[in-house]
Amino acid sequence: MDADLVAVLRCPACRRGLTLIDRTAKCASGHSYDLAKQGYLNLLPSASTGIDGDSAAMIGARTVFLGGGHYAPIRDALILAAAGLREDDVVVEVGAGTGYYLAGVLGTAAGRRGIALDVSRYAARRAAKVDPRIGSVVCDAWRELPLLDDSAQLMLNVFAPRNAAEMARVLAPGGSLIVVTPNQQHLAQLVDVLGLVKVDEQKERRLQESLSGEFVQTGSEVVEETMRLDRTAVEQLVMMTPSARHLNHRELAHQIAVLPEPAIVTLSVTLSTWRAPQ
Numbered sequence: 001m002d003a004d005l006v007a008v009l010r011c012p013a014c015r016r017g018l019t020l021i022d023r024t025a026k027c028a029s030g031h032s033y034d035l036a037k038q039g040y041l042n043l044l045p046s047a048s049t050g051i052d053g054d055s056a057a058m059i060g061a062r063t064v065f066l067g068g069g070h071y072a073p074i075r076d077a078l079i080l081a082a083a084g085l086r087e088d089d090v091v092v093e094v095g096a097g098t099g100y101y102l103a104g105v106l107g108t109a110a111g112r113r114g115i116a117l118d119v120s121r122y123a124a125r126r127a128a129k130v131d132p133r134i135g136s137v138v139c140d141a142w143r144e145l146p147l148l149d150d151s152a153q154l155m156l157n158v159f160a161p162r163n164a165a166e167m168a169r170v171l172a173p174g175g176s177l178i179v180v181t182p183n184q185q186h187l188a189q190l191v192d193v194l195g196l197v198k199v200d201e202q203k204e205r206r207l208q209e210s211l212s213g214e215f216v217q218t219g220s221e222v223v224e225e226t227m228r229l230d231r232t233a234v235e236q237l238v239m240m241t242p243s244a245r246h247l248n249h250r251e252l253a254h255q256i257a258v259l260p261e262p263a264i265v266t267l268s269v270t271l272s273t274w275r276a277p278q
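Quick note: the sequence shown uses full-length UniProt numbering, first residue 1, plus one each step.
No wet-lab data here; the hints were simulated from the structure.
All the pointers check out, no bait thrown in.
Below 30 Å or equal to it, Euclidean Cα-Cα: the simulated DSSO-like pairs (lysine-lysine) are:
1) K26 <-> K129
2) K37 <-> K26
3) K129 <-> K37
Using the sequences and the hints given, assemble the complete structure.
Here you go:
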């Protein structure tokens, strides 16, 4: 992580800006945070230790599945929605995982910078290696984000927690927020068969309630495609989702083994765009 990326971060202890000196991020109050050897910065407050982020196995499955291009329609839609980005804009992704979507939105503009935020250190390790323009940071999305006020022009939130007040604080006036949420049809062919977590029927209402006090909605579109997945891809898909935390893996393997191959599975999400007040 280079000094320009650290310069948009703030100390989680005192909220003062951070400066990179050698491999240590320091604030004027004397707090310091060493870069991990894998290149990420851990800014998770000590009070948040013990939070369960995605495991190494979940991140490994996500890396392979996304690398197969199965969720490329989501990434392409994000790139299109972010087409107005300028050369030197800062893009922050909350719950960035491996950095797959963030790297796509940064595109080829050399001056753009990205900050990948995730509570999982395994995700942070992956995101730190995706693109040198991305700074990877471990933090808790439900607490104060370790970023300076008005420091980002665009924020991404894909299947991730949404702390509206903090996202509004970090976005510059007039900045944009792009949110991706699953629809009822998303992975419907697998939900009952494999016992996956179902999409909340009130998700759209809860999204509106959580964001409308801080942002103005500027658009919404459904991204829907049919995926043809072999059984290995189905297993990777399940293992990268929250369902992986509660499923019996031996039973899951048996259930997947009797699926047709390829399995026809629906990808269905809503991409909504929001703007911070001027």
